[in-house]
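A.B. asks: Chains as they are written, first to last, in the numbering used here: chain A, 785 to 1127; chain B, 785 to 1127; chain C, 785 to 1127; chain D, 785 to 1127.
Because the hints were derived from the structure by calculation, they are not lab data. Because the structure is a prediction, the values reported are computed rather than measured. Hints should not be assumed to be uniformly reliable.
Put simply, identical chains are the same to the list, so a pair is met inside one copy or across any two.
[What the hints assert, rightly or not] Below are the DSS-like pairs computed for lysine-lysine, each with C-alpha atoms no more than 27 angstroms apart in a straight line:
| no. | residue 1 | residue 2 |
| --- | --- | --- |
| 1 | Lys808 | Lys986 |
| 2 | Lys932 | Lys902 |
| 3 | Lys854 | Lys844 |
| 4 | Lys985 | Lys808 |
| 5 | Lys854 | Lys791 |
| 6 | Lys986 | Lys844 |
| 7 | Lys932 | Lys791 |
| 8 | Lys811 | Lys791 |
| 9 | Lys844 | Lys902 |
| 10 | Lys811 | Lys854 |
| 11 | Lys811 | Lys844 |
| 12 | Lys808 | Lys791 |
| 13 | Lys936 | Lys902 |
| 14 | Lys854 | Lys986 |
| 15 | Lys844 | Lys936 |
| 16 | Lys932 | Lys854 |
| 17 | Lys932 | Lys844 |
| 18 | Lys811 | Lys936 |
There are 4 protein chains.
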Amino acid sequence: MLIVMRKDADDNQVAGVIRAVEAKGFKARPIPGGERVSIAVLFNKGAIDPAFFHELPGVKDTIPVTRPFKLVSRETRPNATVIRVGNVRIGDGHRVIMAGPCAIESETQAMTIAEHVKRSGADMFRGGAFKPRTSPYAFQGLGEEGLKILAKVRETYGMPVVTEVMDMAHFDTVEDYADMIQIGTRNMQNFSLLRRAGESKKPVLLKRGMSATVDEWLMAAEYIMAEGNPEVVLCERGVRTFVRHSRNTLDFSAVPVVQRESHLPVIVDPSHAAGFRDQVIPLSRASAAVGAHGIMVEVHHEPENAQSDGVQSLLPEQFDVLCRQVRAIWGLISDMPQAETSS
Amino acid sequence: MLIVMRKDADDNQVAGVIRAVEAKGFKARPIPGGERVSIAVLFNKGAIDPAFFHELPGVKDTIPVTRPFKLVSRETRPNATVIRVGNVRIGDGHRVIMAGPCAIESETQAMTIAEHVKRSGADMFRGGAFKPRTSPYAFQGLGEEGLKILAKVRETYGMPVVTEVMDMAHFDTVEDYADMIQIGTRNMQNFSLLRRAGESKKPVLLKRGMSATVDEWLMAAEYIMAEGNPEVVLCERGVRTFVRHSRNTLDFSAVPVVQRESHLPVIVDPSHAAGFRDQVIPLSRASAAVGAHGIMVEVHHEPENAQSDGVQSLLPEQFDVLCRQVRAIWGLISDMPQAETSS
Amino acid sequence: MLIVMRKDADDNQVAGVIRAVEAKGFKARPIPGGERVSIAVLFNKGAIDPAFFHELPGVKDTIPVTRPFKLVSRETRPNATVIRVGNVRIGDGHRVIMAGPCAIESETQAMTIAEHVKRSGADMFRGGAFKPRTSPYAFQGLGEEGLKILAKVRETYGMPVVTEVMDMAHFDTVEDYADMIQIGTRNMQNFSLLRRAGESKKPVLLKRGMSATVDEWLMAAEYIMAEGNPEVVLCERGVRTFVRHSRNTLDFSAVPVVQRESHLPVIVDPSHAAGFRDQVIPLSRASAAVGAHGIMVEVHHEPENAQSDGVQSLLPEQFDVLCRQVRAIWGLISDMPQAETSS
Amino acid sequence: MLIVMRKDADDNQVAGVIRAVEAKGFKARPIPGGERVSIAVLFNKGAIDPAFFHELPGVKDTIPVTRPFKLVSRETRPNATVIRVGNVRIGDGHRVIMAGPCAIESETQAMTIAEHVKRSGADMFRGGAFKPRTSPYAFQGLGEEGLKILAKVRETYGMPVVTEVMDMAHFDTVEDYADMIQIGTRNMQNFSLLRRAGESKKPVLLKRGMSATVDEWLMAAEYIMAEGNPEVVLCERGVRTFVRHSRNTLDFSAVPVVQRESHLPVIVDPSHAAGFRDQVIPLSRASAAVGAHGIMVEVHHEPENAQSDGVQSLLPEQFDVLCRQVRAIWGLISDMPQAETSS
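If we strip away everything but chain A, and leave its shape as in the complex, we get:
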């Protein structure tokens, strides 16, 4: 942390801040500048609450210098992590397509869609059994029945399945059936749920909160890893902005930023971000091109009858086109000369 003094701060005020820093057990190093003095706080472990110093006489500003990540940080662990979900790998050079309906509605629906997406080349199957819904009067998912259908999809089509867990009450059940446990955007800072996910043996797909910074998102992953589960995949799904032509705005720069800050894999969900079908294919291509380790896409064979989010679900034939485009772009990228790291 750096404590910036006011231009008119006198020697007593500087000395007072130094005493306050040392009283906390840290080391203070004053740095005289052209117009004002700053004081560096050294040898602290983890983040210091700026509150300790912000209101001392003569202090103008306090500036945090480093971020308190430990387990998620690439500084701690320079090599990219590869997560295994069944026979599928995610991370480093391994890229995946996850696809399926927003919600599992029936065995017929799930199996029909699974057959389609498998044939187009999906690696994993997605589908909600417990659905977070803004309105208490909307369809809330089939619950355990939905999980059983997911298990059947896995057996029949050999695709690992990922599904959302919404609360502690159903965690054990979801964990029993799913190959990968999804923590949704509204639960990104549900810390109890994060800790419980940290005790799980199953890999976790952690969606970014709708208005979370990348730092907060990585800190949520840190919660999971701190409990002992190193298998976390991050999923960018759009952030809330003033923009109204899409449901949320995909923050594509988050992908290279996460890849620089962390060793964890990061994928993109263009379906929920867009909210409209005709944006999903171009945004999926962009997700592939930006270098994400995967995409997660909603597919429905009868979107006009879907019980949730039909408006953004692709038709099977559209998904087929998407898969070919996305894989072609990934093919290109792997063969490309790289120029990103400048130092």
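Given the structure of chain A, go ahead and fit chains B, C and D onto it with the hints provided.
C.D. replies: Relative to the frame of chain A, chains B, C and D by itself:
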């Protein structure tokens, strides 16, 4: 819902949309305009998923017309609700000041602050026993020990206490000790927690999510009310914007908007929104002046030693000034001629 | 500026950065911390482009420490500035109400409204002669004819008038007629216009850009002051956020922040921010209570016939109520004990 | 426009609204729904100000139905527009790479960079002669001298040049030298400048405002087209959000949305949006993949000595990699099966 057709949509396309609407069991009424046809969807109960119609041939846009609130809506219940918490009333003409530390740190700390805020005229005491923290390595609260201290504050100073519940595991415990149960901003769409709060006999303080619309916030209240608990107070605490000089941006217009849309009381928390002490008093005055039914403010007698959020906590003497200013403004407002309702 | 090195940066990399700093003519002071080294850049004048150092080997981050304001800064000029517009004073303890229609539509309209607002106690009259409109097909204002009507309002009612200048072509004309020249939100970074305003002898009302930070806003004021015009009043008018129930979100914390950073007066325009009439009175009260040096409000006697922004204009009798409420709150604040300055 | 009545609106109130609509010369068509009545306003030309009806007794809400674009709209002109800049074509299947320094600093600098980017395959050269800068004390560009250097680049390397015009005073001069005139993000709603650009014979590159909706952006293009210049290329350059790891957040969904709403070409500027060099290549690939008609990228051979925005400029060898990646993705897309249009 209104379905807007493209200018070049032909009669077959219009007829196709009408058939699709009627196949859903609704009534379709075409409205020819100057340049294009729109189709009104009638006699639906609750919201219709625009997905049903958005991709039909010739459709340009779908526009939802009404919002699906039931229990929270002022259209359903025109009179303002007054919530009782112990001997305190909130809503309509009843306005409250809730104050206390961010986190309960010790009995001495809590009792010292309670004595101060009681003397300045606080109506209720706040303090966190379970703390949501961005980092897993930060202080997480005293847990049940903190709740016992809150109970002692209530006994000693006669102020009802409000404290946050973070998860299902501690809900019963929090419910046993607290007079009012707070659902925090990160849990505004933790639907299991909302439902559990709906089964409680205790009043609920529901903070707005950091990037929630007023509609989503009211829908979260609807979750609680739909389970049978009519005692909900809403709390505006700032939304996330591009602004960096405060932690969040208080959305003051949400207060009159909530008061027009809903019969529930709404208060403001300027401490968390500001994130800096010197903004808290002016923002508290603004909260009073805008017509909120109360404010919730953090106070600490030794903010430089606070275990969380000290930087935004007021000193007791600052809180004393704040109380006098806020009550004076409320006094003014009650006596003022009213001109807000124009029809 | 502080240059933060990576944990694994070696001595050569640290030495390389120090050389790069010194090659620029600055002084480098390395600060060894617990886990990594940082390097302070000293004796620079004004801001340094982080580009110089950001990509050097071993550098993790660059952190600007001070802001490059000169003339607008309270550090440079500790006493609050008071601006005179005709016989009206703005700033420090002097607070004003500016009112009038969005656009001047006719002499009758302007004189009718002027009589109303004068009687209710408005200090200054506002009204657009040149209107910035999103659509090229919307009413663009009466131009010089509107300015003549404003001059007549001033003569008849003795209120100084403020009106917007949209471009260089009309600057001289607007300057001839207006007592105060308004730079609108869309022109906050129209640097030619700012420089021209800096050459004027008339005081300037500088609205905040719709997505401008306070720093950018103050820098826009710096442009005006740097050309020699010290008479700038800042006007907060709401920023663009995801919120949809109001046109923009008023950033009330900007008021105390500007008052801490700068000596210039700051007022609030609740009409444009709200976009809806029933939010204007509560937001005006909040503007007064937060401590702004004034408010600017739209009033129209026939809002249903207004040629722009009628939906947010107050009726004269509503404005009358507003004036009494706002003045009562200002009266309270002046008499109140102050506790804001903690050091 | 649709006027939604309150549930408890009585017949008199409905009749009153109908009379008000008809008094304006429109046609009113009441639509009785299950719970409330709505009233459609028909046969209006252009947008109606909701102010006319919003405050009438019994009115709950007013909902605009159609957008008032004329010349920019794809409904008016279904075929994609192709813009010619010198020998370069932009739009439909024609995609371009524009590259060059942020600011022209000297002939040597410009010619050196031009040679590099030409060799890598840039189609057009960019470079600022007049620079909009947040601070009045920052480098403001070489002015006409910079334009002369641009002309020399064009002669020597055969690339058309694009450069920004900041105000009316220099419009004629910029027009004389440039092949394409850029209107920057801060001037997107500088309506005088837009009108002047509309009178020009040169094609215009219109950057999106930092917080502009797509509708406002298209309306800005409508200003240009309404004055008679049909040659407009739109440029997405990122919008302001709460995100802090990049300077702005690129809104990639704006590309398919613009392509659906308008016939005008749309390109992306990833350099300004990112603000950091290591995000520029992945975001450029994403821009290509999402289907933009071009990208505009900053390149500098000595970014550490650049006089503005060096931190986001690519080195020539990085730009060379970028060109190959972007062209490969465009090659892929052209050959791909298309599935985007569903109706």
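A.B. asks: With reference to the structure, classify each hint as holding or not holding.
C.D. replies: Right, here's what the structure says about each hint:
no., hint, result
1, Lys808 x Lys986, "neither (41 angstroms within a copy, 41 angstroms between copies)"
2, Lys932 x Lys902, "within (19 angstroms within a copy, 56 angstroms between copies)"
3, Lys854 x Lys844, "between (30 angstroms within a copy, 16 angstroms between copies)"
4, Lys985 x Lys808, "neither (40 angstroms within a copy, 44 angstroms between copies)"
5, Lys854 x Lys791, "between (36 angstroms within a copy, 12 angstroms between copies)"
6, Lys986 x Lys844, "neither (48 angstroms within a copy, 33 angstroms between copies)"
7, Lys932 x Lys791, "neither (67 angstroms within a copy, 44 angstroms between copies)"
8, Lys811 x Lys791, "both (23 angstroms within a copy, 19 angstroms between copies)"
9, Lys844 x Lys902, "neither (60 angstroms within a copy, 33 angstroms between copies)"
10, Lys811 x Lys854, "within (22 angstroms within a copy, 33 angstroms between copies)"
11, Lys811 x Lys844, "both (20 angstroms within a copy, 22 angstroms between copies)"
12, Lys808 x Lys791, "both (25 angstroms within a copy, 24 angstroms between copies)"
13, Lys936 x Lys902, "within (14 angstroms within a copy, 57 angstroms between copies)"
14, Lys854 x Lys986, "within (21 angstroms within a copy, 40 angstroms between copies)"
15, Lys844 x Lys936, "neither (62 angstroms within a copy, 39 angstroms between copies)"
16, Lys932 x Lys854, "neither (37 angstroms within a copy, 34 angstroms between copies)"
17, Lys932 x Lys844, "neither (59 angstroms within a copy, 39 angstroms between copies)"
18, Lys811 x Lys936, "neither (60 angstroms within a copy, 39 angstroms between copies)"
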